[in-house]
Every structure is written in structure tokens, then in C-alpha cells.
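Student: Given only the sequences and the hints, what does the whole structure look like? Please build it.
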Amino acid sequence: MKIKYKNTNFFKEFDTKYAYKKPDLGIKFLSDSIQLKLWQPLAHKVRVFVYDKNNTSKIIQIFDSQKLDTIWKTFLPLELEGNYYQYQIWHPDGQINFALDPYAISLAAFDWEGDEKKIAFGALVNINSKKAGKKPKTLQTLNNNHTDNYIYELHVRDFTSLKSQKDFQNKLGTFNALLEADLFGYVKKLGISHVQLLPIQSVFSLNEQNQNILYKNKGSHWTTNYNWGYDPHNYFSINGQYSSNPNDPYVRIAEFRNLVAQAHQKGIGVIMDVVYNHMMTNNIFNNILDGYYYRDNAKIKPVIYAPLADERYMVRRLMIDSLKYFVQEFGIDGFRFDLSCFHHKETIDMIAKELRAINPNIILYGEAWKFSDLKYSQSYIKGISGNNIAFGYFNDTVRNAIKGDEHSKFQPGLISKFDKKLFKQYVSSVVGNISDFEFGEIKHSKVSYDLFANDIAINLNYVACHDGMTLWDKINTTTQNISFLQRIEMYRQALMMTVFCQGRQFVLAGTELLQSKPCDISGEEADKCVFGNYDDFNEQPDNNAWHWNSYKTTDYTNGLKWLHLENRDVQKYVFDFFKKLNKFRQQTEFFRLSTNQAIKENLKFQIVDQKRGILSLQIKVNKQTVEVIHNFSDSEFSYDKDKKVLFSSKINYTKGILQPHHSVLLEVKNG
1 MKIKYKNTNF FKEFDTKYAY KKPDLGIKFL SDSIQLKLWQ PLAHKVRVFV
51 YDKNNTSKII QIFDSQKLDT IWKTFLPLEL EGNYYQYQIW HPDGQINFAL
101 DPYAISLAAF DWEGDEKKIA FGALVNINSK KAGKKPKTLQ TLNNNHTDNY
151 IYELHVRDFT SLKSQKDFQN KLGTFNALLE ADLFGYVKKL GISHVQLLPI
201 QSVFSLNEQN QNILYKNKGS HWTTNYNWGY DPHNYFSING QYSSNPNDPY
251 VRIAEFRNLV AQAHQKGIGV IMDVVYNHMM TNNIFNNILD GYYYRDNAKI
301 KPVIYAPLAD ERYMVRRLMI DSLKYFVQEF GIDGFRFDLS CFHHKETIDM
351 IAKELRAINP NIILYGEAWK FSDLKYSQSY IKGISGNNIA FGYFNDTVRN
401 AIKGDEHSKF QPGLISKFDK KLFKQYVSSV VGNISDFEFG EIKHSKVSYD
451 LFANDIAINL NYVACHDGMT LWDKINTTTQ NISFLQRIEM YRQALMMTVF
501 CQGRQFVLAG TELLQSKPCD ISGEEADKCV FGNYDDFNEQ PDNNAWHWNS
551 YKTTDYTNGL KWLHLENRDV QKYVFDFFKK LNKFRQQTEF FRLSTNQAIK
601 ENLKFQIVDQ KRGILSLQIK VNKQTVEVIH NFSDSEFSYD KDKKVLFSSK
651 INYTKGILQP HHSVLLEVKN G
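Residue numbers (our numbering): 1 to 671.
No farther apart than 30 Å at their CA atoms in a straight line, the calculated lysine-lysine pairs in the DSBU-like style are these:
| hint | residue 1 | residue 2 |
| --- | --- | --- |
| 1 | LYS22 | LYS37 |
| 2 | LYS604 | LYS655 |
| 3 | LYS611 | LYS669 |
| 4 | LYS2 | LYS301 |
Distance windows between CB atoms, simulated:
| hint | residue 1 | residue 2 | range |
| --- | --- | --- | --- |
| 5 | ALA19 | ASN245 | 36 to 42 Å |
| 6 | ILE119 | HIS44 | 15 to 21 Å |
| 7 | LEU485 | ASN359 | 44 to 50 Å |
| 8 | SER33 | ASN245 | 25 to 31 Å |
| 9 | THR16 | ILE119 | 28 to 34 Å |
| 10 | ILE651 | LYS131 | 50 to 56 Å |
| 11 | HIS407 | ILE304 | 17 to 23 Å |
| 12 | TRP562 | LEU78 | 46 to 52 Å |
| 13 | ASN245 | SER435 | 48 to 54 Å |
| 14 | LYS73 | ASP467 | 38 to 44 Å |
| 15 | PHE75 | ILE304 | 35 to 41 Å |
Please keep in mind that the hints were generated in silico from the structure rather than gathered at the bench. All of these numbers come straight from a predicted model, not from anything done at the bench. We put the CB at the ideal spot given by N, CA and C, even for glycine.
Tutor: Pasting the structure below:
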């Protein structure tokens, strides 16, 4: 039975009447039984079907649930631990649905088999059991979460998928393989503070039991068994494909706990990418209470289906409960919210309050785009509203200024071609895009979208992420007839331009080794790959094209290209340069000024010449001063050759001369 809207206040009245506020939904192991609680205020009857842990087609027992106010409570014997369950819900109109418990903390290994109507099985597991592993200890950090964070975005499979299985005891593409490859020791050497994992919660369009690495031409388009994770299935359970045994519902819990624990031991935080704006199929919650969980009348949708109705009490509660679960049980250090623009401000505010009551250092950021079914004033939207909760916004202003518009595939950025509009956007970006910087007569972008940060904590600088082209691919699809080393110099300038902006930093995994995504026509959306003019590493992409939306294609496309490091120029001029650049940022305060006031007091522009494409500024901290000079023009520019060069985007240079498209960081002697 579908709930029908009666008036604009219908759901407020519905929540007032039916919302459940006790903190005990889902599964709980008692001393003498297993307790299950499901919120469904309108059902006439609810039953729990328990299935054999070795054969989910075999029903072990059926239990009638007891209705208590707006929830249904069921007690199961303890000996059923480890088996699986589903709810059977009898609706007032006579319809009977099977449904997955939205609070299930683990699932039976799932294979969608191309069927959106398939219903998963929850697992009867005890989060406090030894089989679930130990809770990780809290990360010990002195980081100022407003500006110190340096975040490394990674898909679990990608770090090891293109390594050799013979060198690993653990299956490639799993949590344990990340540890065997020493992910956290590796990123620590790169100067990274946090690893953000693409969604690790259970997803729908996947066969968890098939963990085979997909090499070139091994995809199957929409059913390719590689998944970024943006088709949520359950918000408490973990994707079993990343575990050593998808068929044991405890293993995914224990191994993810261990992964976070090992990160914390190395001093690295773990951030989860979460997707609460949509689900793979709205049947997942509609099977429980059709018409409640989603804004079915939304005219703008995040993907195909209507967005989750986060303003409704039990939806917002589900979001917050699942986030708290990962903080409390797994020690998660932060969350990236996919399309946060579909969430109300009140939801994000409550999330921040609830999570920081557990861990004050929780990091929160999201995609605050002008893309939503909500009024822009209702959500945190870049250029429309700031915030006072240090909720970060991805900064596409600086991204586009550096490498070119992500939505205009062949448009170059300042690293390859001067553009006055991009120049002014970058001038606004070097101060962290704060809205109260006193530019005076300095030419800069004055639009609110480019001066969006009422607090520097809101700004999240990046030049590439999982969406869109990698930095190297963008350079290779927007330039022609330029040597390999010249393109590396463009790449180095882009890295300097990003790191030398105030605010938090975010980088795509593999940026340190010229990560690239060669097209594979066996994967999904291969027709949207972009033609490139080079193939420096003989990766032989189909149609000599490069992927910009590789969410469901092969490991050949997505995996980190470790072989790039066999090239000495990549090792020396990119990898080593990247490490030194990050180390300088993290060990000095010049580019980590933690308040708007500190930026206004310590950052001074020296030259802003829009006609010549020259930008120079100085930053003074603790009686030490550095000067950044960018030349975006096709002509040389002279500077004081007595100043020490700390970093140069050009590999070979003459002191005192800034070559075309050349950036330097100089040490300034204070008189």
C-alpha cells in the first residue's frame, strides 16, 4: 500500500503520530535471545523468516512479530546466530511484501543477477561477538580539521587490482590486500593525513562472491562486476566483495574494523564516502513502507529514482543512526556525502552535532552543487550559503581554473592556456575562496560561487577526483604535439597551484604516479570516453580514448597504474616531487592558515597582472616568508634571482627567469 499525500503538512503530521524515538531498532543480542525491531506503523502483520546459513533457499523457521505501538518486535533463539532473515510485511490493502531489514548490520553474500527486484537477506550477527573483531582505537591526531587535512581518495579494489596475485597471500582488491600492500604506510610517506574510501557499504548491482580481477575486455557493460559503490543497498552492512570470505557475514565486519585499526596505528584517518541521496532501487525501502522514504514528487532526481526524504523523521534517523554506528563501532574519522545538495541543512547540522558529540574531530564534507529538488536555500549549496559547522564543499572553481572545465571535455585550464576568466577565478582561489578577503583593486572573480567560504574550513581544494578525467588524462586530451616532459611540467604546475591554495586538500589516488583511465569498450559508458593524443605507457586504450566516468568498467581502466613508476621521469619528476611538495605543506603553516583572519593578515598579493597572466603573492608566518609566482602566459617573466627556489614546476630553469607556464615557490629573506 502506497502512502498518499493529503496536504503539505501530511508527513509532519505522520511523523508526529508515528515516529519511533527509542534507540533500539534493528538487531540486538540479549542474554537469552536475539531481538529484532522494525518500524512499520501501518502493517497488519509482520513475520520474520529465518533461512539456513548454508542455503538461503531453505527456511528454518517462521516467527510472528509482536506489534508495540509503531514498531514490530521479534525474539529469536540464540542458536539461530549466523543464519539469515527477511521480514514479511502484510499491508492494509492486502499486499504482502518480503523486505530487507534497513538496520541489518551484515548480509548474506549478494548477487543481483541483473534483477532490481531481488531482495537480500539480513544476517543474524552480534556486533559484540569476538567473531566481529575488535573496535579500533580512536585516532590520535593533532590535526586542525579546518585546514590540516590532506585526503587521499581511493576505491578499495584499485590499490591492488593491477598488482600480481603471486606476490600476495590475500585476494587482490580486498581489505586485507590493502594491509598487505601497506596502504597506510605508503600514504603516510606521501604526506597524506586521511584516506577516503569510495563507498564500502553494501551495494546492489554486484556479485559479491565473484572477486575476479577484470582485465581488458572482461567487462559486460551495465553488468560489469566492478562497482564504485554509488548504488546503495543497505546503510549498515559492508560490501562483502572486499572481505576474504563474502559467505561469512562476520568476516566483512572484522576485516573492516582491522583495516581502520591499522590505519590509526599508522596515524592515518579513515573517511567513508556515503550515499544517502538515492538508492539503487527504491523498492528496497518501498517494500517496507511505500510512499514514506522518498520524495516521490521530486522533479529533479539525483539519478533515475526519487531522492531519499531526509526531512522525514525516520529517514533522517536512519541516516544518523548508521553514521553513528560506523563512528562508534568502526572508529570512522569522517564522511564524504555524495550529492549532499539533496539533503536539508537541518539534516547536516544534526549529523554534525550527533557525530561530534562522539568524536569532536569528525570531518564532514560533500558535493554542494547547484543540483537539487530542494530550494537552494534549504540545502548547503556552494555560492548560495556557507555554514558554521566546518562542512566542506568541493571546490570546482579552483579545479576548473587549473585544468579546465570538467563538463567541457576539451577545454584547457591555466596550465596549458591563459584565460582571463580562469585567471580571476584562480586569484580568488589562492586565498581559499573566502568571502571576506579584502582584495581592494586587485582583479579577481567577484561572483559568490567563487567566493563561497564564509569560513576557510568550508573550502576543499582538488584538481581531480573519481568523477571526471584524471589530471593526466585531462592534459592529454586538451593538448597536442607536446613532449612527455613538457606535459609532466604542466602536471607539476597543477600540483603546485592546488597545494599553494589555502584550505584543505583532496587528491585522487594515483595522482602521485600520473594515474590514467584507458578506455575499455567492454565496460559501461565507453561511448563517452574522450579521445587523447598520446599513449605514453603503451596502455593501448580502445579508440585511443580515456574514461571520465568509469563507475562500472574494468580494473584495467580503474586500477592504479603502478607500472608508470618504472619510468624514471615519473618516479623523479612526479612521485618524488609530489612527496616533497606535500611534506612542505604539512610541515609548515604557509598554506594551512586556519582562519579567515589569519589569511587576511598574512597573505599579501605582490603582482596581479591580468594582461600578462602573472600572479605573485607572499605569505608570512612566524617571521618567515615565502613567495609564490605563477606565470600563465606564453612569455618570460623576470624576478629577483637572489631568492632561493624551493619548488619549480619546470624541471630545468634559470634563477630569476620564469618561463612560460611556470610556477615557483621562493624563500624570502626578511630584512
